[in-house]
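Residue strings, one per chain:
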Amino acid sequence: MVLQPSPRVEGGRDVAIEPVIEARNLTKRYGARVAVDDLSFEVRPGEVFGLLGPNGAGKTTTVLMLLGLTEPTSGEARVVGVDPMRDPLEVKRHVGYMPDTVGFYDGLSARENLAYTARLNRVPRSIATARITDLLTQVGLVDVAEQKVDTFSRGMRQRLGVADALLKDPSVLILDEPTASLDPEGVVDLLALIERIAQERRIAVLLSSHLLDQVQAICHRVGIFYKGRLIAEGSVRDLATEASRTEDVVEVGAQAHDGRPAGVEVITATLRGAPGVASVAPDPDAPDRVLVTGAPGIAGELSSALAAAGLRPIHLRTREERLDAIYARLVHAAAEAPVRPPRPKRSTTRSGPGARGTTPGRPGPRRARPGRAGRPRPDNHDDDPGDTAAGEPG
Amino acid sequence: MNASTPGPAGAARARPRPENRPPSGGWRIVAAKELADHLGSIRFVVLFVVLGLAGASAVYSVSQQITSVAAGVSTGQSLFPLLFTLSASDIAAATQQTANTPLPSFVTLISLLAPLLGIAFGFDAVNRERADRTLPRLLAQPIYRDDVINGKFAAGLAAIGIALGAVLVVIAAWGVIQLGVVPTAEDVARLVVWYVVAIVYIGFWLALATLCSVVMRRAASSALVAISAWLVFSLFGSLLISTVVGLLAPLSASPTNSEVIANGHLQDALTRISPDGIFQIATQAILDPHVTAGILTIDQRVAVVQQGAPGSILSLDQSLLVVGPQVLAIVALTVVCFALAYIAFMRQEVRA
Ligand SMILES: Nc1ncnc2c1ncn2[C@@H]1O[C@H](COP(=O)(O)OP(=O)(O)OP(=O)(O)O)[C@@H](O)[C@H]1O
Ligand SMILES: [Mg+2]
Chain A
1 MVLQPSPRVE GGRDVAIEPV IEARNLTKRY GARVAVDDLS FEVRPGEVFG
51 LLGPNGAGKT TTVLMLLGLT EPTSGEARVV GVDPMRDPLE VKRHVGYMPD
101 TVGFYDGLSA RENLAYTARL NRVPRSIATA RITDLLTQVG LVDVAEQKVD
151 TFSRGMRQRL GVADALLKDP SVLILDEPTA SLDPEGVVDL LALIERIAQE
201 RRIAVLLSSH LLDQVQAICH RVGIFYKGRL IAEGSVRDLA TEASRTEDVV
251 EVGAQAHDGR PAGVEVITAT LRGAPGVASV APDPDAPDRV LVTGAPGIAG
301 ELSSALAAAG LRPIHLRTRE ERLDAIYARL VHAAAEAPVR PPRPKRSTTR
351 SGPGARGTTP GRPGPRRARP GRAGRPRPDN HDDDPGDTAA GEPG
Chain B
1 MNASTPGPAG AARARPRPEN RPPSGGWRIV AAKELADHLG SIRFVVLFVV
51 LGLAGASAVY SVSQQITSVA AGVSTGQSLF PLLFTLSASD IAAATQQTAN
101 TPLPSFVTLI SLLAPLLGIA FGFDAVNRER ADRTLPRLLA QPIYRDDVIN
151 GKFAAGLAAI GIALGAVLVV IAAWGVIQLG VVPTAEDVAR LVVWYVVAIV
201 YIGFWLALAT LCSVVMRRAA SSALVAISAW LVFSLFGSLL ISTVVGLLAP
251 LSASPTNSEV IANGHLQDAL TRISPDGIFQ IATQAILDPH VTAGILTIDQ
301 RVAVVQQGAP GSILSLDQSL LVVGPQVLAI VALTVVCFAL AYIAFMRQEV
351 RA
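Taken in sequence, the protein lines are chains A and B. Residues 1 to 394, numbered by the working numbering, are exactly what the first sequence covers, in order. Residues 1 to 352, numbered by the working numbering, are exactly what the second sequence covers, in order.
None of these hints come from the bench; they were simulated from the model. Among the hints, a few may not be true.
Which chain B residues stay away from chain A? Per the calculated CB distances, all over 10 Å, these [what the hints assert, rightly or not]:
#1 26
#2 29
#3 30
#4 32
#5 109
#6 112
#7 140
#8 141
#9 142
#10 144
#11 174
#12 235
#13 254
#14 255
#15 318
#16 343
Here are some chain B residues pointing at chain A (derived, C-beta under 7 Å) [what the hints assert, rightly or not]:
#17 36
#18 128
#19 132
#20 133
#21 134
#22 137
#23 139
#24 143
#25 350
Cβ atoms here follow ideal geometry from the backbone N, Cα and C, with glycine treated the same way.
Here chain A stands alone, though its shape is the one from the complex (with noise of 0.2 Å):
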């Protein structure tokens, strides 16, 4: 394995770096459904990228039309740096990839079920015995490596899947929904093992998934996807900027000038009169803080009105804008538009590069609640009942 620290681009945007993963133009049909539809983007190495979307939006074909596991009608993928469709096998032996319904033989332990998947890599038995057991180490399934499979929790094989998926020591690392089937803190262990993986390693990941707050976590930048058209791409910052966010919220913690901190009750009587404030609250997370909603940009205008009250400021922090709040609002825009959905955001995040997306967005206080809050309007699920009726075992 290549462990060796590499010089650390943030967010893997660095442009002198060919991209791993290039989409361009992809389109899939299935009959006269169109399951993909001329999408293109690209993954750097080191970069996370998320691809989101509601069920049946078409990330799962977007990830087997680049492992060259389905034919795209048109258009052309590249994975490091070779077409999935002309030589599959270069292809396959750089991407490690768990599908979206993760499965393995029942019959034969985890140890052994990666051992076959190291040997279809050709990777020595040598190394493959030392690699399996770090990689069981790492997804916390060291303990029941000699158990077999079938004894196994969905999201014991989800974590299994991910080791596989590590196991041919990969460039570039696909995950399809790796989440989905976690326990909370199985997904807080999972995504840091992805983002330190991207990170050591340099390797691009792309994951699709739709819990959105997790993505957020991770990604460096996602792709909104909608009925296979991808409606918007960038980081989650950029959109949170571009998609006319209409209030800011911003946490106000202020002391009184003799340094003991102003009471809720003060700050709260103080703002609440304030130019574009819509309402002050408390902030639940924190004790002396409260929380207040307004026009974007409120913040300067909450400073002046705390110093003119004698207080001085000592946490002012707009909150970032949650990635499912931004997804609903795209998809719920796409869904709107007419027969073709606007594609403005791809042409922005392509003109300048290293700008933005410096950190991953990590949001700030994060409640841990399911992550389907972003699930645009029903009527959207209507048309993928293939789907979800292949996802159950017959």
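Since the structure of chain A is already known, use the hints to place chain B with the ligands on it.
Leaving out everything else, chain B with the ligands in the frame of chain A:
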């Protein structure tokens, strides 16, 4: 494009390395895993039990009265193949007794069981990977799609081959030790040839079942279709053939030579489409090599009659000459199954 920048590890590794292609032979890795699975499976135990029972029944038939049968056997014919071809009714006929058990001979049992063995080891080859959702993961590894089919086929055939070979050796050893029937070199050669032909025959059914496992998403429907094919071939095959022949090339009450030959040609052609018929002819030609109408094509029969040697015994190379086309026909049918399986598999969506 990316030749100049000595990029970081990821980019460097990302470059295709044509000198370091994955070696061919992915099918061997698949086959090794599948064979290991087979050998530890209940399926294999059942296979062994079934073949063992067939062997035991053969041994039982033969041990009854091989000596009295031997007396009736024409001179020049070796006793050894009788170990495998004697049935209880043969014995009864030879000894003028009524058979107390209607046991068929070993080879008859095998020709009956062979399709089932092939089907049992192939009907769920690919669709089980689908059902277990291991197929996308398997196909995302650097092997070709046909490696999966080939590997599974090879493993199934190897498993059956091991079991059948073991049973044959046990029967032969028993014959030598208990009955003192010592095989000549030619006997051994005939047995080996028969073993190979049997494996080829079982291979056809395995290939057919594998094809079914690719086309049918469910193992149950796959097994059903394969078994139906077997029923059609083995039960209705000869009936169908004689019906078709009777319709297309009927024989009049006093048939002319050309009628007989036309009829024979059609019969030969159709029989060679039915793997069941092919195997029976081949078995007979190898292990029971009397020149009888059953095993020769009409042209060969004409030749035999012209040489004036009906009823004689085929030498080993004559047997091979008769068997060769039969084996080729089975192999051709197998290849057809494979080709269809490849095409179907390549066109299929990977996801369930
Ligand atoms: N074999 C197929 N034949 C016809 N249509 C298909 C086939 N496979 C997928 N589709 C359609 O293509 C569209 C995209 O499916 P895809 O599986 O890529 O969605 P997804 O984004 O992965 O959804 P999910 O979040 O549910 O996994 C869906 O509308 C689906 O019905
Ligand atoms: Mg999917």
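Status of each hint after checking the structure:
1. Against the 10 Å criterion, residue 26/B falls within the reach of chain A, whose nearest CB is about 7 Å from its own CB.
2. The beta carbon of residue 29/B sits about 5 Å from the closest Cβ of chain A, which is not more than 10 Å, so the claim that it is off the interface is violated.
3. Residue placement check: residue 30/B does not keep its beta carbon more than 10 Å from all beta carbons of chain A (closest about 8 Å).
4. The claim that residue 32/B is not at the interface with chain A is violated, since a C-beta of that chain comes within 10 Å of its own (minimum 8 Å).
5. The Cβ of residue 109/B sits about 30 Å from the closest Cβ of chain A, beyond the 10 Å cut-off, so the non-interface label holds.
6. The claim that residue 112/B is not at the interface with chain A holds, since no C-beta of that chain comes within 10 Å of its own (minimum 30 Å).
7. Against chain A, the non-interface label of residue 140/B is violated: not every CB pair exceeds 10 Å, the least being about 4 Å.
8. Consistency note on residue 141/B: stated as away from chain A, yet its beta-carbon is not over 10 Å from all of that chain's, at 4 Å minimum.
9. At roughly 4 Å, the least C-beta separation between residue 142/B and chain A is not larger than 10 Å, which violates its mark as non-interface.
10. Separation of residue 144/B from chain A is inadequate, the least Cβ-Cβ distance of about 7 Å not exceeding the 10 Å criterion.
11. With a minimum CB-CB distance of about 35 Å to chain A, residue 174/B clears the 10 Å threshold, and the non-interface call stands.
12. Annotated as non-interface, residue 235/B keeps its C-beta farther than 10 Å from every C-beta of chain A; the closest such distance is 31 Å.
13. Its beta-carbon lying about 61 Å from the closest one in chain A, residue 254/B satisfies the requirement of being farther than 10 Å from that chain.
14. Residue-level check passed: residue 255/B sits 56 Å from the nearest beta carbon of chain A, beyond 10 Å.
15. Non-interface call for residue 318/B relative to chain A: holds, since the shortest CB-CB distance, roughly 47 Å, exceeds 10 Å.
16. For residue 343/B, the condition that its CB be more than 10 Å from all CB atoms of chain A holds, with the nearest at approximately 14 Å.
17. For residue 36/B, the interface hint is violated, since its Cβ never comes within 7 Å of a Cβ in chain A; the closest pair sits about 9 Å apart.
18. Against a cut-off of 7 Å between C-beta atoms, the interface hint on residue 128/B is violated, since the closest Cβ of chain A lies about 10 Å away.
19. Against a cut-off of 7 Å between C-beta atoms, the interface hint on residue 132/B holds, since the closest Cβ of chain A lies about 5 Å away.
20. Given the 7 Å rule on beta carbons, the hint for residue 133/B holds: about 3 Å separates it from the nearest Cβ of chain A.
21. Of the supplied interface hints, the one on residue 134/B holds, with its beta-carbon coming within about 5 Å of a beta-carbon of chain A, less than 7 Å.
22. About 6 Å separates the beta-carbon of residue 137/B from the nearest beta-carbon of chain A, less than 7 Å, and the hint is met.
23. Because the closest C-beta pair between residue 139/B and chain A is about 6 Å apart, less than 7 Å, the hint holds.
24. The closest approach between the C-beta of residue 143/B and any C-beta of chain A is roughly 6 Å, which is under the 7 Å cut-off, so the hint is satisfied.
25. The criterion of a C-beta within 7 Å of any C-beta in chain A is met by residue 350/B, whose closest approach is roughly 4 Å, and the hint holds.
This entry does not satisfy hints 1, 2, 3, 4, 7, 8, 9, 10, 17, 18, going by the numbered hints stated previously.
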